[in-house]
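Number of protein chains: 2
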Amino acid sequence: MRIDWAPPADGNHAAGHALALMVNDERIEAANRASFAAYLAAQPVLEGIAPAREAVSGMDGRMILHAGPPIAWASMCGPMQGAIIGAILFEGWADDPEAARRLAASGDVGLAPCHHHGAVGPMAGVISPSMPVWIIRETVSGRLSFSNLNEGLGKVLRFGANGAEVIGRLRWMASTLRHVLDATLGEAGGIELKPLIAQALHMGDEVHNRNAAATSLLLRRLLPPMLRSAASRDDVTEAVAFIAGNDHFFLNLSMAACKAMLDAARDVPGSSMVTVMARNGVEFGIQLAGTGNRWFTAPAPVVDGLFFPGYSTADAAPDLGDSAITETAGLGGFAMAAAPAIVNFVGGTPDDAVANTAAMGHITLGRNTAFTLPAMNFVGTPAGIDARRVADTRLLPVINTGIAHRKAGIGQIGAGITHAPLDCFTQAVTALAASVPDG
Amino acid sequence: MRIDWAPPADGNHAAGHALALMVNDERIEAANRASFAAYLAAQPVLEGIAPAREAVSGMDGRMILHAGPPIAWASMCGPMQGAIIGAILFEGWADDPEAARRLAASGDVGLAPCHHHGAVGPMAGVISPSMPVWIIRETVSGRLSFSNLNEGLGKVLRFGANGAEVIGRLRWMASTLRHVLDATLGEAGGIELKPLIAQALHMGDEVHNRNAAATSLLLRRLLPPMLRSAASRDDVTEAVAFIAGNDHFFLNLSMAACKAMLDAARDVPGSSMVTVMARNGVEFGIQLAGTGNRWFTAPAPVVDGLFFPGYSTADAAPDLGDSAITETAGLGGFAMAAAPAIVNFVGGTPDDAVANTAAMGHITLGRNTAFTLPAMNFVGTPAGIDARRVADTRLLPVINTGIAHRKAGIGQIGAGITHAPLDCFTQAVTALAASVPDG
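Protein chains in written order, with the numbering used here: chain A, 3 to 441; chain B, 3 to 441.
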């Protein structure tokens, strides 16, 4: 990759000044080492499944979580509004889509980012109280992370669809599938997710847009306890057919595991390590370990990718979903070298895949040797995005992502590669510099 | 790879003369095109499972099949003798290992290569009448191929172990596992094996020494019909635990699928395409499409590889097993570029893996575009070994393989890379030349 010289932070003087102050500042370096070490040490374990209302704090009322940084109902993109309408119908808070829309617009349903509740969700990222969530315990800190369950492809809530088929599937997931998985996990005990992800990286997944191996490995791991469990034969048969039929089933667990690893790196004053990258379909937001829950946002980019027949960029919603948590954790686009076959899905060549991973080495704090890349001679994946280096080099974090139609309910129309907007990082380093007393 | 000039066929004048006659002989070229086209067109489908006595012709008496070219009892290596003793005990033809040994030595049990009965088996490759075999139908020709079922690692018959644990497992496989798989395949209908192999190649397997993805994909494919089938919950639970616990479970299906593809290429007068490479632990043997069932043999090489702690080359049996059928079909070592992670198991670096695949392009008739290699920009795997080119270039077919202890029953002691001996190919081209009238 050729990098032409350009002023740091793209000529933003305040950010350039902040950067100059922070380069080689030993307080920042030490803070970053602490954040990165905590990220490396984190051990996410899949521990259970439960309705969000029981597992996630603050979800016992009329509350709906969504992807990305905070956003008001009226500003939301089509797929996110469609998903929220579907969640309201699923919860029985309204009887038809129009009533659901009015309820959402009335403000009588709480709307908050998943990330404010320790959770993540792909695309619209909608989680309502009765939906089952995966419960991941990070065993070093004991902290919990959550994600919703993957519905499969086609007409699904996360792309804004909310018809009878979608709601019916969500009901089945909240009853049969949840019961089978609950019995299975009770029988299995916890399942460590990092070894499973590591194995999947050796099997062509980057665990963001390609989860074929991880899903197969997970199913293989779940099956013996599932069959030993008290779940009925009919329910097991339905659950297995559902999981086996969806290559993306592992995605939501990958995301929750990444959330757990990155939450471990949080709340280290002075740390410029990125702990969140997330999109709500209108804005792209990031958080740093040194600046707590503060969001730094910029307009969400439109994704350059491969479109399904009949669709083009004109049909695409801007970048959407919490799934960029995988790139934030050194996976997804950062681990593309592990997944050459993914270029059939997101575009480019296998050489591009290796080049993307190599480039990310310039903006990260180190390598995660728990996640090795065979095609790069088993080097660890580049991880721990340093917001300083992004602003300094203008080398933007690469993200593999699905593309949603801008209208609710049409669903996925492609997949491709996008980049986090520079402006998030220049804002973040400026704010971080302000938080560190002059040296 | 650097190839120094050397006389063709390593200075063997008869072979060199034969080669000179055959180079650019349009009859040979046309025969090879026919063989290769039939190999490419073959469609192996997993159709069923049955005791060898019912499925394999000539297996209704006291008959035991073994790996590699023909060999007498007294000449067999330790692991093969151990496995045959185990098979006799399993069949109940003798009550203890010494009686079984005497029976085997007496000649009252028929011994024949698997390949003479359309079958293949890894390592010792022992198949006796009551053992279940996979039944693969090649749908273009209707021809059947067979393999035994993979027992897992540790103390297993194929490495010559024959204690109570081994025989007990074989009995369970012949009853419970067979019944579950029979019910499953009845429910599933046939399962096409080429798409499954193609997918596994995109997931880091070369389907010889690495079958982690293929086993997971197979299990995922079998589960829904297994759960719908009449098999009992307890039996399904045991069968799934057994399959899920063995990364190599798919190997035997991979081998039988390769056998089916290569049998399709057989019996084309004048064809120099290799249809069999197989080892009995003493000799390495090959067959050509143009010379029918005739074997061309040479001493089996000792494998250069990575040994498990406490073992070395001195402990190793020479190269053993029918599993080189995968390389003969363009998989295994020929598809190593698909499986960079395998170098942890067989030695070398990921670059070596790509180099091995690239080198095999020089001795093969074409590319199999059903099996693409992401790391080489989705080129097809090199396939259809041309015995002429091997003899001409001295570039030997590369084989990934397990290494057995030379004594019966100790089991696998390592894995590595070996090469087919040149002498097999010089003999084969000499015989082929003799079979083709002067042009």
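Read the hints as simulated data drawn from the structure, not as lab findings. Check each hint, because a few of them may be wrong.
[What the hints assert, rightly or not] Distance ranges between label pairs, derived from CB positions:
id, chain 1, residue 1, chain 2, residue 2, range
1, A, G247, B, W174, 28 to 38 Å
2, B, G13, A, P311, 33 to 43 Å
3, A, A52, B, K409, 22 to 32 Å
4, B, Y313, A, A43, 28 to 38 Å
Note that this is a predicted model, so its numbers are computed, not measured. Think of the CB as a built atom: it goes at the ideal place given N, C-alpha and C, for glycine as much as any other residue.
The hints, checked one at a time:
no., hint, result
1, G247/A - W174/B: 28 to 38 Å, "30 Å, holds"
2, G13/B - P311/A: 33 to 43 Å, "59 Å, violated"
3, A52/A - K409/B: 22 to 32 Å, "54 Å, violated"
4, Y313/B - A43/A: 28 to 38 Å, "35 Å, holds"
The structure is inconsistent with the numbered hints 2 and 3, although it conforms to all the rest.
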